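Per our numbering, the very first residue in the sequence shown carries number 15; after that it's consecutive.
There are no misleading hints in this set.
Straight-line Cα separation of at most 30 Å, BS3-like style, residue types lysine-lysine; simulated pairs:
no. : residue 1 : residue 2
1   : 389       : 214
2   : 214       : 315
3   : 57        : 389
Have a look at the derived ranges for each label pair, beta carbon to beta carbon:
no. : residue 1 : residue 2 : range
4   : 375       : 225       : 28 to 36 Å
5   : 94        : 183       : 14 to 22 Å
6   : 266       : 361       : 28 to 36 Å
7   : 247       : 116       : 15 to 23 Å
Hints were generated in silico from the structure; no laboratory data involved. Bear in mind that the values here come from a model prediction, so they are computed numbers and not experimental data. The C-beta atom is built at its ideal place from N, Cα and C for all residues, glycine as well.
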Amino acid sequence: MSEKAIGDGAPRVAQAGSASPSAATPMTYEQAGVDYGVIDPLKIAAQRAAAATATQLQRHGMHEVNGSRGESAYVIDLGPFCLASIVECLGSKALVADEMARLTGITRYDDIAQDTIAMAVNDLITVGATPLVVQAYWAAGGSEWFHDADRAQALVRGWQRACETCGVAWGGGETPALAGIVEAGRIDLAASCVGIVQPKSRLTLGERLGAGDAIVLLAASGIHANGLSLARRIAERLPEGYLTRLPAAGGRPAQTYGDALLAPTPLYSPVTEALHAAGVRVHYAVNVTGHGWRKLLRHPKALTYRIHHVPPVPPVLEFLRREAGHDDREAYATFNMGAGFALYVHADDAARTVSVARTVGHEAWVAGWVEDGVKRLVIEPLDLTYGEDDLHVR
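Kindly generate the complete structure, drawing on both the sequences and the hints.
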């Protein structure tokens, strides 16, 4: 993190666990401005229109891998290997970084850079791809955004660091100044990523997914970059806003709400690369982002996913659940609740998958099993069930 001078009269910080007077009033993600009931039908319509263009590849002697339609990354078959691609935006997490910089004088754009790359890379690897090249899209509300050299250099530094963690080249990008489109003083961040599936047997689109497979969950660092619209609305209801202190947990000192929200999203590609090197074949993978744990139902097969172990919930998400007035069903349908990525592997590979993940620095758990049956997710410790009608992403 980089520091700037802090002005006089630093804001008072609330005590651990302090809550807003309106905390008893529930707030859903839809009320915060994100209605998947409206967004998802458009995405599905776009997927169908896009599928009609796939024949354009044939003139180049290539074809799309049909099973990648509706997955987190698009895959084309080039013969000896496949290429996968994805583009993702950060969303509104930069607004939290901007407000925390105003309050504390510390810029967090190095971490924000990692979040942006994680949005693309963590989607790309779900199809079995090794990330190769990342491109940047940094659209500012005007050229004045780049006048803050400390903030701009933090963004560059964090972007390079995240690329090195993933073993990818930073190919270039675009830095438009979009006055009148992007709000003055703000920046819209996005990343695209291209990866290679080689050998083609690494392709992970769920063909091998079936009853008896283990579900291994990788730990989340916090909210990641999904659910920030709701988190920002909650900050508006807190007497001390982003400077409200969360209860201490896990032997670590208490954080402010804003600092906890800004914990960078993990980059999970070192895990998938290490699993390939160890000879573990992944049958399916899911990046747990929007739609929360409902994403575990992403594959169209009619299977039951039974969870017997729920990872610890990061303190910031427990705080958010309480302040938003969410019950377990709403919380696990909205946030990652401690599970940032899911790997579906053969039962015999479950323990080794956990061991490999931990070796490269990611906590992991064997959380459940895949069964024959109707399409549903059963989270037994919480007595929750989500069915096929609870997720529409295709």
